Amino acid sequence: MSRTDPFPNYLAMPRTVSLRFWHIVRFVSLAVFLAVIVGGIVRPTDTLTFFWGIVIPILPAVFLIAPGSWRNVCPLAAANQASRNLGVTSQVAAPKWLREHGFSIAATLFVGIALTRKVLFNRNGVALTVLLAAVLVGAALGGRFLKGKSGWCSSICPLLPVQRVYGQSPFVGVANSHCQPCLGCTKNCYDFNPRVAYVADMHDPDQGFRGPRRLFVGAFPGLVLGYFLVPDAGRLSDVQVYGRSLAWIAAGIAVFAVLDAFGRFSPNRLPPIFGAAAFSLFYWFGSRKVAKALGSLLGGRWTGIVWPVRIAAFALAAVWLVRSWLVERRYVEEVAVAAPVRVDLGRARTALGGSAGADDGAVEIEFESKIVKVSSGTTLLEAAESGELRIESGCRMGVCGADPVAVTSGYESLSPIRREEADTLERLGLGFPNRMACTARAEGSCSVSLQPDRTSTPLSNTPSFEPDPSVRRVVIIGNGIAGVTAADFVRRNHPDCEIELVGRESHELYNRMGVARLIHGRSAMQGLYLLPAGWYERNRVTLWLNTRVASIDRQGKTVRLGTGQELGYDRLVLATGGRATVPEIEGFGASGCFVLRDADDAIRIRAYAQEHDEHRAVVAGGGLLGLEAAHALHEFGMSVTVLERSSRLLRNSLDAAASEMLRSYFEALGIVVVTDAETVRVEGDGRVEAVVTAQGHRFETEILLVAAGVTPNLDLPRQCGLDVARGVIVDSSMRSTDPSIFAVGDLAEFEGRLWGLWPVAVTQAQIAAVNIAGGSRTYESGVPTMILKGVGLDVVSFGRVEPAEGEIQLTDRGEGGHTYRKVVVTGGVIVGGVFLGFGEHAQAAQDAYDSGRQLDDDEIARLAAGDWSPFGGRKDLAPTR
Amino acid sequence: MSGAGFFDYGTDDAPEVRAPMFLGDASVEDWALLVDHCERRRFHRGEVVVHFGEVDRSLFIVIEGELETVAERRGRTRRLSPAPAGSVVGELGFLDGRPRSASVVAATDGELLRLSISSFESLAAMNPRLGRSLLFDLGRILAGRLRSLTEIVMSR
Numbered sequence: 005m006s007r008t009d010p011f012p013n014y015l016a017m018p019r020t021v022s023l024r025f026w027h028i029v030r031f032v033s034l035a036v037f038l039a040v041i042v043g044g045i046v047r048p049t050d051t052l053t054f055f056w057g058i059v060i061p062i063l064p065a066v067f068l069i070a071p072g073s074w075r076n077v078c079p080l081a082a083a084n085q086a087s088r089n090l091g092v093t094s095q096v097a098a099p100k101w102l103r104e105h106g107f108s109i110a111a112t113l114f115v116g117i118a119l120t121r122k123v124l125f126n127r128n129g130v131a132l133t134v135l136l137a138a139v140l141v142g143a144a145l146g147g148r149f150l151k152g153k154s155g156w157c158s159s160i161c162p163l164l165p166v167q168r169v170y171g172q173s174p175f176v177g178v179a180n181s182h183c184q185p186c187l188g189c190t191k192n193c194y195d196f197n198p199r200v201a202y203v204a205d206m207h208d209p210d211q212g213f214r215g216p217r218r219l220f221v222g223a224f225p226g227l228v229l230g231y232f233l234v235p236d237a238g239r240l241s242d243v244q245v246y247g248r249s250l251a252w253i254a255a256g257i258a259v260f261a262v263l264d265a266f267g268r269f270s271p272n273r274l275p276p277i278f279g280a281a282a283f284s285l286f287y288w289f290g291s292r293k294v295a296k297a298l299g300s301l302l303g304g305r306w307t308g309i310v311w312p313v314r315i316a317a318f319a320l321a322a323v324w325l326v327r328s329w330l331v332e333r334r335y336v337e338e339v340a341v342a343a344p345v346r347v348d349l350g351r352a353r354t355a356l357g358g359s360a361g362a363d364d365g366a367v368e369i370e371f372e373s374k375i376v377k378v379s380s381g382t383t384l385l386e387a388a389e390s391g392e393l394r395i396e397s398g399c400r401m402g403v404c405g406a407d408p409v410a411v412t413s414g415y416e417s418l419s420p421i422r423r424e425e426a427d428t429l430e431r432l433g434l435g436f437p438n439r440m441a442c443t444a445r446a447e448g449s450c451s452v453s454l455q456p457d458r459t460s461t462p463l464s465n466t467p468s469f470e471p472d473p474s475v476r477r478v479v480i481i482g483n484g485i486a487g488v489t490a491a492d493f494v495r496r497n498h499p500d501c502e503i504e505l506v507g508r509e510s511h512e513l514y515n516r517m518g519v520a521r522l523i524h525g526r527s528a529m530q531g532l533y534l535l536p537a538g539w540y541e542r543n544r545v546t547l548w549l550n551t552r553v554a555s556i557d558r559q560g561k562t563v564r565l566g567t568g569q570e571l572g573y574d575r576l577v578l579a580t581g582g583r584a585t586v587p588e589i590e591g592f593g594a595s596g597c598f599v600l601r602d603a604d605d606a607i608r609i610r611a612y613a614q615e616h617d618e619h620r621a622v623v624a625g626g627g628l629l630g631l632e633a634a635h636a637l638h639e640f641g642m643s644v645t646v647l648e649r650s651s652r653l654l655r656n657s658l659d660a661a662a663s664e665m666l667r668s669y670f671e672a673l674g675i676v677v678v679t680d681a682e683t684v685r686v687e688g689d690g691r692v693e694a695v696v697t698a699q700g701h702r703f704e705t706e707i708l709l710v711a712a713g714v715t716p717n718l719d720l721p722r723q724c725g726l727d728v729a730r731g732v733i734v735d736s737s738m739r740s741t742d743p744s745i746f747a748v749g750d751l752a753e754f755e756g757r758l759w760g761l762w763p764v765a766v767t768q769a770q771i772a773a774v775n776i777a778g779g780s781r782t783y784e785s786g787v788p789t790m791i792l793k794g795v796g797l798d799v800v801s802f803g804r805v806e807p808a809e810g811e812i813q814l815t816d817r818g819e820g821g822h823t824y825r826k827v828v829v830t831g832g833v834i835v836g837g838v839f840l841g842f843g844e845h846a847q848a849a850q851d852a853y854d855s856g857r858q859l860d861d862d863e864i865a866r867l868a869a870g871d872w873s874p875f876g877g878r879k880d881l882a883p884t885r
Numbered sequence: 078m079s080g081a082g083f084f085d086y087g088t089d090d091a092p093e094v095r096a097p098m099f100l101g102d103a104s105v106e107d108w109a110l111l112v113d114h115c116e117r118r119r120f121h122r123g124e125v126v127v128h129f130g131e132v133d134r135s136l137f138i139v140i141e142g143e144l145e146t147v148a149e150r151r152g153r154t155r156r157l158s159p160a161p162a163g164s165v166v167g168e169l170g171f172l173d174g175r176p177r178s179a180s181v182v183a184a185t186d187g188e189l190l191r192l193s194i195s196s197f198e199s200l201a202a203m204n205p206r207l208g209r210s211l212l213f214d215l216g217r218i219l220a221g222r223l224r225s226l227t228e229i230v231m232s233r
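The listed protein sequences derive, respectively, from chains A and B. Residue numbers for the first sequence follow our numbering, so the first one is 5 and each next one is one higher. Residue numbers for the second sequence follow our numbering, so the first one is 78 and each next one is one higher.
With the rest of the complex left out, here is chain B:
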């Protein structure tokens, strides 16, 4: 399990501590194509961007401001994790199409990109290389999480 995310020094040449990048190899042109396939929308503080339990196969990229994942358990809202600008959110529902496992709420005003699965399909058809790296990156992220969880289970 890597805690590298807590040590984002903001420098260009920080040694071996960068958090895993999503679409790290994508060029500006790739991003332009991606943006073309995305809904771009603003959110306002307190707005619920993703509702727990809804079925919505899409992926979110926070461009500005901050979202946070929250879980409700026994009537109490628990904040799970922040998603500041530059974060990717919602990959589970995007990949498996099952109901959302948590809600996502806007912690500040901001802006996001939303990529629906059908837009992704046409994006991937138009630029298979980009589609492939997007899926690989998501796979890498999920693999990392699974490793972490395995480690937790093993260490209990």
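Looking at chain A on its own, in the form it has when it is part of the complex:
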């Protein structure tokens, strides 16, 4: 450890002397003690002189310099701990009265014995013997019945109050050699942490605890002075001796109380002053008594020691005083600046799966400099995000291409590449060892670079058909994912033709699914672009940005651009997508009204909110985009209300239970969700002040964001006479009613359905491209996967979410009421599912759904019992019921 602990406890203190040594010394001290007991009767005069004149005067110095050594050798402590060492102690916890009043009893005993010295113990050997025998028996009995040292040494030992005052800043630290192990018997235990125990007493918030201890130290110098200044009994009556001594004590207490009341002192400023005073006074007077005792025991004159002892005691007390003050300062810094805040590591480690560091359920992923530990089955994207690394994310299903990474080692420990991911890697021109972070799940440890390896050989599967030589010129309108995918796949399958790509926006391909992040994120468009630099040039795609198509001439097979130029085509792809739907809302268009579809929409919202310092927003529409936008505005710091026209959120994708949970999740975030609320009117004079619903409710707000879905851009197909219903009608090869014109993505209507989803656009564009280049592929409709992301709770649904006749559903609610998993099963095959959270299970269930894997009876029985291990994941955290 690079740092020394200012207050090490005895377990952390260096042990310079072995436990065995202390045992031996303890026997010696006990023998001396017994000798004094016997001597009190046999040779009272010498014994009294030796005990009161030599032994007792040494103790304060020992307490002040190396108190721990006395704690280890004290014969009474040896007696107290004998029962524990012999294994016969009852180890009962000290009763409440003893814990509360132990100190007061000890202090009273000390004062009582000290005062009685003058009238009895100093002169009467038998009395001394009785006193010492009594405390020995008391100490031994305390240890016989009570736990640790709570029966004597740390509670009622009469010397304890003195030890605590003098021992508060030891010059020599001696580790406790008794308590092996610590039983935690005493509050602020002196033996546990000697350097901090006294100052902790003085700072104790409990007046009842602190008070007697302060009273004692206040009384201490008066007690010492009184002892030496009040004449011995004989010249005074016993009552006078007690009375005058008590008067001295009272005088000391009075001084302490006055200073304490009027001085603005920290709690342990005065006590060391009084301690140092008591110590100096004791040796000032006591030195003469010691000299006298030595003379009477050993003969000769010893008065020469008086002044050296006085000076040494004074110097020692002065240094000790400063040290004690410094201890308090250090203590205050430690406690005030960083009162240690602890957690229950046991539970944390259980949750982490076994002891930290040796975790069998976990895998380590090394991102260049940073190692992130995650449970097996976590995607590289989740791992990178949990490590707060800079990584973009988009669809989180491997199709958008936002998050390519290079796997520098451990490639084989990742989940296999699925088709969507392979296609995306191809589009990006990336092969081994690159992966899409969102779909690569780590089943073992690996090393990952967030920069894809561009020197890799693309996976590229050479086309299985000859390119159609009649196709020389391909024009694609739309630079979104549908248009770019179409261009990409035409080029792959047809190396020679010309490709012209015309885009309305002024951005190269970006991650449209990430635009909500532009509202609250700091990095604007940075990281949102999906193609590597030079992609268009490398693929020989002529790009027209910020360019509109004015008209299409089907007879002449030309496209006229808004700039006046004309582009001839052999095949034309319409990939113009859609625009945000704006339902009939009276007053829409006032300043503060927005839609969210393009990156520029999001940028405008962010700019407006900052410019006008707005704090309230209403989002009309509780669909995917509406919820993402609401979350983004919430993250931006606005108070957000979502108005949903229907009776619940994501009505088409979620079952009622999941929908309700999603709603309560959003509400728990602090986003207000109102269902059955159709926005019909904007109020305000040129600027949004409120929106009103058809139901008559009024919501005050400064921003209205309408997220009511997507309306296909059908002007061009209508203008050139293609069959159009809700979208451009296409067959399974993605051809419109004109065989030279294809339509893909958000504006293509196949079998009456328009999805408006990114993965659908990608698939359709690939199919159209293959058919254009001379191959043949057809589109099969299915219910695509819906994923809500970026709101802190991943929501996934696929297939049928409500069971039809004869189908069964297996559902499970996670703890906390905001996670949920459900699959719909018929004949052992999964036909749909809904997941809130449980990302790994969602992926596994979706894989089973995609592949049509048959679940066996055991797996179904386990799922029905709430055990989702058939879909992987950690069994130890599976709910038990």
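Rather than coming from a laboratory, the hints here were simulated on the basis of the structure. Since this is a predicted model, take the numbers as computed values, not measurements. By construction, the Cβ of each residue, glycine as well, lies at the ideal position given by its N, Cα and C atoms. Any given hint might turn out to be false.
Taking beta-carbon pairs under 8 Å as the criterion, some of the chain B residues facing chain A (in silico) [unchecked claim]:
| no. | residue |
| --- | --- |
| 1 | F83 |
| 2 | M98 |
| 3 | F99 |
| 4 | L100 |
| 5 | A103 |
| 6 | V112 |
| 7 | R117 |
| 8 | R118 |
| 9 | I140 |
| 10 | G163 |
| 11 | S164 |
| 12 | E198 |
Start from chain A and add chain B according to the hints.
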């Protein structure tokens, strides 16, 4: 002001001396949810885990090893307090989003959990009871510090 932290006897039935616990009532399931929302990462001796002055709204829980808070004043590094395994660090920046008031350096190799404010938000939405007790515990800790500081100011 309580110095109870210096008297962590390591026994189960120590009388009235336990340091205040953060998430003392949380179950293993609660912890699992918390861990799910945390970044878990290893640190190496000498590594600077939190930089003075950076803006980073997150809370750290030391799982293994030891961190220490250090302050730099007039070019001298001063160690403020150790944060051994089981400590919570960084609550001020987590709560107020202002620049970090001190750096945190790894005293040994070890491992920590890091909870960002947005992860906390979603955690609290998923399990409001847990979110509430987390905030209450942080509040309790800060209240304790404020009391201590008040006491110091009053006693000067």
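Each hint tested on the structure:
1. F83: Check passed: Cβ of F83 (chain B) comes within 5 Å of chain A, closer than 8 Å.
2. M98: 6 Å, holds
3. F99: Holds, because the Cβ-Cβ distance from F99 (chain B) to chain A comes to roughly 5 Å (cut-off 8 Å).
4. L100: 6 Å, holds
5. A103: 7 Å, holds
6. V112: 5 Å, holds
7. R117: Where the cut-off is 8 Å and the nearest Cβ of chain A is about 5 Å from R117 (chain B), the hint holds.
8. R118: Result: holds, 6 Å to nearest chain A Cβ.
9. I140: 5 Å, holds
10. G163: 5 Å, holds
11. S164: It holds, given that the least Cβ distance between S164 (chain B) and chain A is near 6 Å, below 8 Å.
12. E198: It holds, given that the least Cβ distance between E198 (chain B) and chain A is near 6 Å, below 8 Å.
In this structure, every one of the numbered hints holds.
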